[in-house]
Amino acid sequence: MNRSVFFQPNDGWVGDLIPFEKDGEFWLFYLHEDRSDPKPGTSWNLVTTKDLTQFEDHGVSLQHGTETDLDFNAYTGSIVIDDAGVHHLFYTGQNPRNLGADGAPLQLVMHATSTDDMQSWTKHPELTFGAPHGYESGDWRDPFVFRDESKGQWRMLLAARHYTGPDRRRGVIAQCISNDLMTWQHTEPFWDPRRYITHECPDVFSWGDWWYMVYSEFSESFTTRYRMAKSPDGPWTVPNLDSIDGRAFYASKSAERDGRRFFFGWIASKEGNTDDGPWQWAGTMSVLEARQNPDGTLGFSFADELVDSFWDDVPVTLPNELPTRLDVPDGYTAVISDEELPSQFYAKAVLDIAPNTTECGLLLRSSQDGDHSYVLRLEPKRGRLVFDRWPRTITGDAQWHVSGDVPFDIELERPCDLTPGEHTLEVIVDGDLCVAVVDRQVALSARIYELSAGRIGLFAGEGSATVTELEIRKRTDN
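Residue numbers (my numbering): 1 to 478.
There are no misleading hints in this set.
In silico DSS-like links for lysine-lysine, alpha-carbon gap of 25 Å or less: (1) Lys151 to Lys230; (2) Lys474 to Lys50; (3) Lys22 to Lys123; (4) Lys270 to Lys39; (5) Lys474 to Lys348; (6) Lys50 to Lys22; (7) Lys381 to Lys348; (8) Lys123 to Lys39.
Keep in mind that the hints were calculated from the coordinates and are not lab data.
From a predicted model like this one, the values you see are computed outputs, not experimental measurements.
With the hints as extra help, turn the sequences into a complete structure.
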């Protein structure tokens, strides 16, 4: 079996990532989750990569504390380097036995430093601080520190909640400032929309003339979003397509290399390794590259390095040679490959979509007749890409007793521009992981557990789509 292009440790799962670029290499610190009971405490582990396709797992980097320490769980944070070359690691300390006045476990900002190029860390418990008056003490986490050169100071952003107000609208990105990275002063909120439960894993960066703020929310949606502004002080505007991916891809944070910006997050696993299982916290690491559009908005797609690592062509035989027109003004049609595909592959399909077409797209791990498959469906009339599957779980004896009774997998949809004309749909399938990208702008990640093998197909419904290109490649590890 080929090595996976999505990193997951042998002894657990990847939680929130804290990416750091060092000498052309990405140092990807992550919260290590092993799902044992009782919980052993959470450490920062480290994996490094130079090419975004091969990963070296270094194990524990920042060890969590003992059962009596404030950082029994060492949760998300950030790393910066000062003018003297000292690395400063800020993280969230939490111990379920250390309760605040409201009965919730305290969340605290904690600090560690490294003078040996991040080979080891020295904790500084004396620098620990919690939420000030007016904020909930159980939500004071994910410190993100960046240098604001215009003000000559360090700024720390925190996922926090106001102490009063409607419960699901108290989320705020709180802010502290410092001149020396040691002493921090609470100041006015960085962003206070009164819209979400909390804005987890805040991340801020500049790119050209724009500033971007990234956060993960779990109010109406469980996803990572971004906002745009002309300065780090806002005002922040909402782009038309404001999310990085869908429900399965979470807690994404970014790092830059050679003028390119990469987003590192995790694709959640599902309980019981079943398609209908509930989503779980933590999963498998995934990387998306952001591309800056002329208007400053961001598109998200595979990194070129990842696509190029699939270099061995996989021949497939379709009923008709390309280009082939799928023309069904008032019906449905699909063409299915003769061959089953490997468990790991990259596919690229170019579809020229005619006006007023209802649907078209790809069938993955399909049966020979196309009836059983995972589905990546482009819906031009609704302006979206959805992930679907058939069959659904049967919940009764009658034909209408179909699990969910919904037109697609709930939470796995992405708005996208599907105006008539050519559109490119790319997908990487790797074991139980599937990531799709439309026009190098819109990404959608999913888990695919129950159909473990099958063919690839193309389909159209109520309209016309001409397939002008279909390319499938696999990896051949040395």
